[in-house]
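Novice: For what it's worth, the working numbering labels the leading residue of the sequence shown as 12, then goes sequentially.
One or more of the hints may lead you astray.
To be verified - In the DSS-like style, the derived pairs of lysine-lysine whose C-alpha atoms are separated by at most 30 Å in a straight line are: (1) LYS17 to LYS279; (2) LYS371 to LYS315; (3) LYS394 to LYS404.
Keep in mind the hints are simulated off the structure, nothing from the lab. Quantities reported herein were computed from a predicted structural model and do not represent experimental measurements.
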Amino acid sequence: MGVVEKELEQRLSSPATIPYSYYVGGNQLFVVSHTGLQGQLEAIWRREIAIEKLWGQLPGAAQSHYLFTLLVEEIRSSNEIENIHSTRQEITDALESAQKPAGKKLSKGRSRFQEMTRTYSILFDNQMVAGEAFPQTLKEVRELYDRLLGEEIGVQDQLDGDLFRAGPVHIWGGDKKPIHSGVVGESEINGRLNAMLEANRDSTALHLVGALVGHFMLEHTHPFYDGNGRFGRFLLALRLKSLLSAPTAISLSAEMMRQKNKYYKAFKQLEDPMYKAEATFFVTDLLDMLANAQEQLEESLLEKRQSLQQLLNRIAEIRQHESVGFSEYQLQIFFLLGQVALFGPRSGVKLEEVSKFLEKSKQTTRRELGSLVDAGYLEELNKKPLVFALSIKGRELLMFDED
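From just these sequences and the hints, can you work out the full model?
Specialist: Dropping the structure here:
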């Protein structure tokens with residue numbers, strides 16, 4: 012027995028080793044839960060506690076609009092990793108359309124990414140019970156793929172098997188040579204995806220490690236002709252939402268985009284026969300990305316919290332000056348629109364959202380908004396539906412434009 016074989020045997024027999032029912036190049040996939048990896052997990056859980064605390068300190072409107080901002084960046088980044096260009100405005104428009112009441116037609120001219128954003132919007136809604144939408148069967152995997160990407164897939168890439176692809180699929184490099192080939196045969200695809208689902212269900216293993224290993228399994232299997240990467244990252248975010256906070260879960264694709272070379276290298280390394288299907292390095296690399304995403308998220312939340320406090324202080328100052336003459340409802344409107352300006356990619360809010368925030372009728376809300384428009388503090392961005400935003404004068408009142 013050679014040195015490599017002895018080392019492999021030692022690792023596989025170690026009590027710290029987590030084996031998975033998945034094979035790469037004839038070798039069983041496994042992760043060694045060494046002290047370094049355990050330290051990474053501990054740091055992630057500690058930072059997650061801090062993020063949850065910061066997130067809980069934000070008002071509901073701020074949370075909603077900030078989550079919207081993160082969704083825009085998540086979808087755009089996941090597209091960019093696959094070299095699919097999409098602008099923030101394009102994704103914002105699609106998400107806006109996705110939030111229309113059921114039964115309303117999607118606007119013409121904005122069909123691109125609408126079904127994709129609709130799925131993201133539904134599955135990452137704050138009211139969703141954590142983890143309830145993660146697929147449990149192969150049929151549910153296919154149904155989720157159709158919901159997410161069905162309208163984005165070209166005719167030539169439509170699935171031709173019972174649930175997944177029946178034919179071969181390859182990823183080509185710049186030199187026109189295949190750099191990865193998906194597994195062959197739908198029965199083989201089914202078996203491997205069942206292993207992926209099991210990795211995410213296993214209650215005896217480390218859940219976060221299982222989620223990352225499951226991500227590799229899906230991407231390595233490549234069950235679709237097109238959309239594997241975007242679907243895989245969506246599924247990973249969906250799984251992470253049941254383990255971590257929603258803001259953390261939907262911040263990872265942006266970090267993967269920032270570290271795109273490292274992300275792809277992690278896959279290539281694990282597929283290298285020299286590594287004998289050891290996924291430890293793959294997991295630690297992705298944990299690094301997750302930790303970086305958390306760090307940036309925490310810094311952003313700290314900055315947003317400070318800005319929010321400044322907004323509250325400014326509104327308190329305005330309230331104390333009786334000569335200004337704003338009603339309490341109008342001050343609440345300033346607070347809502349101030350949050351939108353601080354936390355969202357959108358500049359305005361609909362009449363319905365303002366009415367709900369004030370807990371007043373649309374008629375009363377419209378009257379208060381109209382007074383602020385007439386005074387020059389707000390502007391109407393749209394008539395149908397009515398959308399309002401802070402004007403330059405309104406931003407100056409709240410001191411948003413001061414250095």
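Novice: Against each hint, give a clear statement of whether it holds in the structure.
Specialist: Status of each hint after checking the structure:
For a cut-off of 30 Å, the pair hint linking LYS17 to LYS279 stands: about 24 Å separates their Cα positions. Distance check on the hinted pair: LYS371 and LYS315 sit about 28 Å apart at the alpha-carbon level, within 30 Å; holds. The suggested pairing of LYS394 with LYS404 holds, with an alpha-carbon distance near 21 Å, which does not exceed 30 Å.
Taken one by one, the earlier hints all hold for this structure without exception.
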